[in-house]
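Q: Below, each chain spelled out in residue letters.
2 protein chains.
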Amino acid sequence: MHDVQKQYKALTNLTKTTDLGSQAIAEKLERLCSEAAKFAAEELTIEEVNSKVPGKRYGVLRRPSDGKRSRPINLDRYNALLAEDFLKSKGLADIEDLEANERSCLLYSMVMSFCAANDILKSGDKKSPGTFFEIFVGHLFSAKYDLNPMKHIQVLNLDADSKLPTDFIFDLGPEKSKIHLPIKLSTRERVVQVWAHQRVLDGVFGTERFKGVLVILAETNYQGKDNSVVEVCLPQQWAVYQMFIARMFRVYYLDVPEKYRSLSKQYPFIQVRDFADFFDEADKIVGPPEAP
Amino acid sequence: MHDVQKQYKALTNLTKTTDLGSQAIAEKLERLCSEAAKFAAEELTIEEVNSKVPGKRYGVLRRPSDGKRSRPINLDRYNALLAEDFLKSKGLADIEDLEANERSCLLYSMVMSFCAANDILKSGDKKSPGTFFEIFVGHLFSAKYDLNPMKHIQVLNLDADSKLPTDFIFDLGPEKSKIHLPIKLSTRERVVQVWAHQRVLDGVFGTERFKGVLVILAETNYQGKDNSVVEVCLPQQWAVYQMFIARMFRVYYLDVPEKYRSLSKQYPFIQVRDFADFFDEADKIVGPPEAP
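In the order they appear, the protein sequences are chains A and B. All residue numbers for the first sequence refer to our numbering, where the first residue is 936 and numbers rise by one. All residue numbers for the second sequence refer to our numbering, where the first residue is 936 and numbers rise by one.
Here chain A stands alone, though its shape is the one from the complex:
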């Protein structure tokens, strides 16, 4: 087993016994991202592909020995050496001190180093990158709010109680908004689940009790037939969900799709932003709703 995979296993084992926001989890994440970035920088080559996304350059990582390739990577954001260097002297807790653009590149490079390394080290494994990304983002939220999330919520009925499995839920007490935090590598047609779960929380606990915050890596898709990358976006459907199912408070991307950027500029005003912005907005998310 490669060192990257050993570190991944150590991380997932640790999450079973340790608080997600703890320093121990931070260290395991740093070690894992550092190993993955080192592997990517030393053993993989970057190959630019035909980007069909206006204004963005994409590539894939490739292992020369067997030709295996990774998922698409935004070349303007990805820098494995930057991630490795940063993690040598600093840690995840220091990211929020950086200015927003550097923060974006660093977060993207850390996450993509592991996802791309895993694509090559274990072809066909879709589960590990998803689990890793959930731990990575979950840790940053846990550390920021100094609070462990829940993954089940008690739904009170008159005749019978039931436990509803959820994405991460952060309960900051009666004076703050609670957070409903789904975390996805990409969404496609499955995204309606996110709005539906928000609707259930609104219905059970009252509208605006939970702020819905969706964190997504990217919506890129590699097409072998012409060695190209596209972004798969459904902005009209998102608008319909935001109007008729529930309201999501934020959608954060580590690589924001161009077609979703404009969603914040017209009704129903879905706030799609760069994940780097989270660190500046964390207090706003859990604060009371602003007066109209």
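Source of the hints: derived by calculation from the structure; they are not laboratory data. Treat the hints loosely; a few may be bogus.
One copy or two, it doesn't matter: identical chains are merged, so the pair holds either way.
Computed list of lysine-lysine pairs in BS3-like fashion (alpha-carbon distance at most 30 Å, straight line) [claimed, not checked]:
id: 1; residue 1: K1079; residue 2: K1200
id: 2; residue 1: K944; residue 2: K1160
id: 3; residue 1: K1057; residue 2: K1200
id: 4; residue 1: K1003; residue 2: K1098
id: 5; residue 1: K944; residue 2: K1098
id: 6; residue 1: K1160; residue 2: K1086
id: 7; residue 1: K1003; residue 2: K944
id: 8; residue 1: K1062; residue 2: K1160
id: 9; residue 1: K1113; residue 2: K1098
id: 10; residue 1: K1111; residue 2: K1194
id: 11; residue 1: K987; residue 2: K1062
id: 12; residue 1: K1113; residue 2: K1003
id: 13; residue 1: K1119; residue 2: K951
id: 14; residue 1: K991; residue 2: K941
id: 15; residue 1: K1200; residue 2: K1025
id: 16; residue 1: K1219; residue 2: K1111
id: 17; residue 1: K1098; residue 2: K991
id: 18; residue 1: K1003; residue 2: K1111
id: 19; residue 1: K1119; residue 2: K1061
id: 20; residue 1: K1061; residue 2: K1079
id: 21; residue 1: K951; residue 2: K1160
id: 22; residue 1: K941; residue 2: K1098
id: 23; residue 1: K1062; residue 2: K1219
id: 24; residue 1: K1113; residue 2: K1057
id: 25; residue 1: K1194; residue 2: K1025
id: 26; residue 1: K1113; residue 2: K1200
id: 27; residue 1: K1160; residue 2: K1061
id: 28; residue 1: K1098; residue 2: K1194
Predicted, not measured: the structure shown is a model, and the values here were computed from it.
Use these hints to put chain B onto chain A, whose structure you have.
A: Here is chain B on its own, set in the frame of chain A:
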């Protein structure tokens, strides 16, 4: 290519140019089910497995030559020879003249013959059984209401129109309820999509304008480790969706899971029934809501 697969291809090609409820589609479906039932009866053997579902016996079909096996099959409902015999002298339009129990067995045997045959003829192909089942059920609804379904619906916004892709929609005109008809081989955690789409239709067009009718084959899962079959059911989650997202009018199964039967007996009263009942209730589904 095996005859069963040729017939499947002929069916899907015909749907591109022909109304779903037409006699031509009926004949192609009959021919396909007949070929599949013949293949199953003549070339496959039935092997009983360890059923963990109280009161139901399950098995798999197996091809002796290479040991390939099918998805689980409810042995009390499945009878390939019955399906083949029926289709020799009669057609899909005659099914509703049968009494309900015979109707159930026949519909189940036709659908399972193709799904099981395809499992063995083309391992790993999850798409064809899903497409086939959608055509099969869609045809029966189309023929019953003498109406072609839509797969897109115009969502009117004040500033911009958008087209929402949907499951089958039957629009019977202003004096009847319209039908929202999702069709699934099984549901698991993806089922929340069904309630979410119903919610969008309720929000856009008004509550009770669309009756939600979900048709599902079964919720069985084969477990290799002990050669057993279980039913994967989430009744508490269904109840939460029915209470807080939207109301589905009917859920029909070709093999009703035991744990969902009781959902109709307690709040929020989700009407889970045998698909054979559809033929007796078709008028009720599109009729006006009953006065309280």
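Q: With reference to the structure, classify each hint as holding or not holding.
A: Results for each hint:
1. K1079 to K1200: within (28 Å within a copy, 46 Å between copies)
2. K944 to K1160: Intra 35 Å, inter 24 Å, cutoff 30 Å: inter-copy only.
3. K1057 to K1200: neither (41 Å within a copy, 48 Å between copies)
4. K1003 to K1098: Result: close neither inside a copy nor across copies, 43 Å intra and 39 Å inter.
5. K944 to K1098: within (29 Å within a copy, 45 Å between copies)
6. K1160 to K1086: between (40 Å within a copy, 28 Å between copies)
7. K1003 to K944: within (22 Å within a copy, 34 Å between copies)
8. K1062 to K1160: Answer is both: 25 Å inside a copy and 21 Å across each meet the 30 Å cutoff.
9. K1113 to K1098: Within one copy only: 18 Å inside a chain, 34 Å across chains, cut-off 30 Å.
10. K1111 to K1194: neither (32 Å within a copy, 39 Å between copies)
11. K987 to K1062: both (27 Å within a copy, 28 Å between copies)
12. K1113 to K1003: neither (43 Å within a copy, 50 Å between copies)
13. K1119 to K951: Classified as within: same-chain Cα gap 20 Å, cross-chain 35 Å, threshold 30 Å.
14. K991 to K941: So K991 and K941 fail the 30 Å test inside a copy (34 Å) and across (44 Å) alike.
15. K1200 to K1025: Result: close neither inside a copy nor across copies, 37 Å intra and 60 Å inter.
16. K1219 to K1111: Result: close within a single copy only, 10 Å intra versus 48 Å inter.
17. K1098 to K991: Result: close only across copies, 28 Å inter versus 43 Å intra.
18. K1003 to K1111: neither (48 Å within a copy, 57 Å between copies)
19. K1119 to K1061: Both ways: K1119 and K1061 sit 12 Å apart in one copy and 23 Å across, limit 30 Å.
20. K1061 to K1079: Answer is within; shortest intra-copy Cα gap is 28 Å, inter-copy 42 Å.
21. K951 to K1160: between (42 Å within a copy, 25 Å between copies)
22. K941 to K1098: The answer is neither: 34 Å in one copy and 47 Å across copies each exceed 30 Å.
23. K1062 to K1219: neither (32 Å within a copy, 45 Å between copies)
24. K1113 to K1057: neither (37 Å within a copy, 48 Å between copies)
25. K1194 to K1025: Neither. Shortest intra-copy (35 Å) and inter-copy (53 Å) distances fail the 30 Å Cα cut-off.
26. K1113 to K1200: Within one copy only: 26 Å inside a chain, 34 Å across chains, cut-off 30 Å.
27. K1160 to K1061: both (22 Å within a copy, 23 Å between copies)
28. K1098 to K1194: Between. Shortest inter-copy distance 17 Å satisfies the 30 Å Cα cut-off; intra-copy 37 Å does not.
Violated hints for the displayed structure, listed by number in ascending order: 3, 4, 10, 12, 14, 15, 18, 22, 23, 24 and 25.
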